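Enquirer: These are the residues of each chain, in order.
2 protein chains.
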Amino acid sequence: MNELNLRIPGPIPVAEDVLEAMASPMINHRGPQFEELLYRVTDRIKQVFETDGDVYILTASGTGAMEAAVVNTLSPGDKVLNLSIGFFGDRFGEIARIYGAEVTDLSFPWGQAVDTDAVRDALRSAPDIQAVLVTHNETSTGVSNDLEAIAGVVKGEFDKLLLVDGISSVCSIPLQTDAWGCDVVATASQKGWMLPPGLAFVSFSSRAWEAYDRAAMPKYYLDVGQYRKYYQKGQPPYTPGLSAFFALDLALEKIAEEGLGALFERHKTIAQMTRDGIKALGLQLFPDESVASNTVTAVNVPLGMSGAALLSAMRERGVVLGGGQGPVEGKIFRIGHMGRVEPSEIQEVMDALEDALPSLAS
Amino acid sequence: MNELNLRIPGPIPVAEDVLEAMASPMINHRGPQFEELLYRVTDRIKQVFETDGDVYILTASGTGAMEAAVVNTLSPGDKVLNLSIGFFGDRFGEIARIYGAEVTDLSFPWGQAVDTDAVRDALRSAPDIQAVLVTHNETSTGVSNDLEAIAGVVKGEFDKLLLVDGISSVCSIPLQTDAWGCDVVATASQKGWMLPPGLAFVSFSSRAWEAYDRAAMPKYYLDVGQYRKYYQKGQPPYTPGLSAFFALDLALEKIAEEGLGALFERHKTIAQMTRDGIKALGLQLFPDESVASNTVTAVNVPLGMSGAALLSAMRERGVVLGGGQGPVEGKIFRIGHMGRVEPSEIQEVMDALEDALPSLAS
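Going down the list, the protein sequences come from chains A and B. FYI, in our numbering the residues of the first sequence are 1366 to 1727. FYI, in our numbering the residues of the second sequence are 1366 to 1727.
Treat each hint with caution, since some may be false.
Note: identical chains are not told apart, hence a pair may lie in one copy or across any two.
Stated by the list, open to error - Straight-line alpha carbon distances no greater than 25 Å define the calculated DSS-like cross-link-like pairs of lysine-lysine that follow:
1. Lys-1444 / Lys-1598
2. Lys-1644 / Lys-1444
3. Lys-1598 / Lys-1696
4. Lys-1525 / Lys-1619
5. Lys-1594 / Lys-1696
6. Lys-1633 / Lys-1520
7. Lys-1525 / Lys-1411
8. Lys-1525 / Lys-1696
9. Lys-1594 / Lys-1633
10. Lys-1594 / Lys-1520
11. Lys-1619 / Lys-1444
12. Lys-1520 / Lys-1411
13. Lys-1520 / Lys-1696
14. Lys-1520 / Lys-1598
15. Lys-1598 / Lys-1619
16. Lys-1633 / Lys-1444
Rather than coming from a laboratory, the hints here were simulated on the basis of the structure. Predicted, not measured: the structure shown is a model, and the values here were computed from it.
Using the sequences provided together with the hints, build the complete structure.
Expert: Okay, here's the thing in structure tokens:
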């Protein structure tokens, strides 16, 4: 199969040796080999999260980890402020709502970031709010929130429980779980971790554990209390996606070798190259450039052009881009640049766009 | 790494070519390649389930699929009869209880099967029961229930909703979803499907969909309604464990080539060989032999012997067995024989037992 240049915002291309690790033979998930593996990868994941708290590995997509964040810390009737700047922000609030939380949405126009002052006002005017939900990097709009500043308000000024969707941010852009005071951070393997999808990681602060003890939302598969109990025996509560654990072990070794600082810098550089390339083609970024994400770049489909036609013209040229979700379906396209992306791969996207665009203009 | 003879009741050893498929490069889970793959594997899974109803593929362990069975069909306060013959039967009831169902347990001693007459009596004396939960094959005790007979009572005589844990049965021993009237059947990839863990499959009858419309238990990640909606577009609702999908595609091709009849026959033969071998060693089967499972054999640890010592003596001899769970921890050991098991692999277990046992007798 002729391999395509997969430039969606996850799953991302995975290195050959990490893919090969996916083909490792099965082991007993309740035996000594797995115990060693579980402890080793968990310790390394904590380093990436920059946390001394707990981190658990779920066999689920990132959405499962978002649900774990909610159901393990909240009760029906709890008052929650949901900061949404797009599709996944809306999803976070929706999960809390479905499980019976009283969710107040503080939504910002798609393409913009959370306004920290508005968060302060909202928390001031509703002192009974117990928890704040926020997306660190909104994959649907290509916008990064200033999580440090938001946490400064939510934790520093109001001392609320802070639940973070870090799915397309952790291991790509800086997120200091402990230093910023994030109580729960959810992320998933197919993003900056440079792995296939199938695993999700969720961190838990001591404050989150206090919330857990009161949390009355029902849960079983996503109950982190079960994960904590079995972790003490070196086991998972339920049979995990073993193959992805083997790959995770190798990917984390590579991440440790590179170092987080270099990894973040690399994402910044490649994102800037992407935005510069887009502008050089006369295309328009969808978000305000000042808040544009370093893991995914969202671009307006030129007026009068079909988004679907653009995606398929790019696919014919060997480049797979992401489309728009929800209200921006057909109106934007997205270029993923999480993980190890070579400048030549971004150049290929630009070349293909340059080639495709004239034929698409009506 | 010197490979061990992995004889736990899942994860099971996976064929080399299926493992290699796990190492396939990533694709867009919202693109045309995945759509084709999704439809092809779903159609083939339905053939194994022997159903014309719906089947969805979750990225989760089997426990996630059990939870999906419960939360998508029931409401808090619903009256449920849980037929338990072991650890996983208890888990099924526990999930329903946590989500607010009023669960009546009809439990049978570990090592025995469900008594169909007792089910009839229970349903007759509590006409307000809406659903029955049952384990087809209890992995913890090595017992298979006569699901056809149970379904005959639950559906044929009382017309209740029937939710089945088929985790260690589907694709190993006969389970005719439609013909027997099973409304939801849950299973997982690391069992008879001969795949690594990471995916779970759940079938849904039209009766189950009627129940879905009334079901008020909260759910998001495991909401099959989302799976149904996205399936129509050829997509998963959330990013799936892609690697296991590639492997599933190949595994299903191999299953179709062999044919279900031959596959069931093979399991029967290898199970009989295992039981005969155990008895020839002077060991005692844990369950009543008349209801012993064809996917896992549970054996009593000889009196005065340490179960843990037995497992580690076997491991030193290259054979990984399963221990006992819950109340039989240390008291039984289990030999898994799901998937493609060669007689020589079972012989190896017997030889290792013969070698190990004398040194363990106190």
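Enquirer: Taking each numbered hint in turn, which are not upheld by the structure, reported in ascending numerical order?
Expert: 1, 2, 4, 6, 8, 9, 10, 11, 13, 14, 15 and 16
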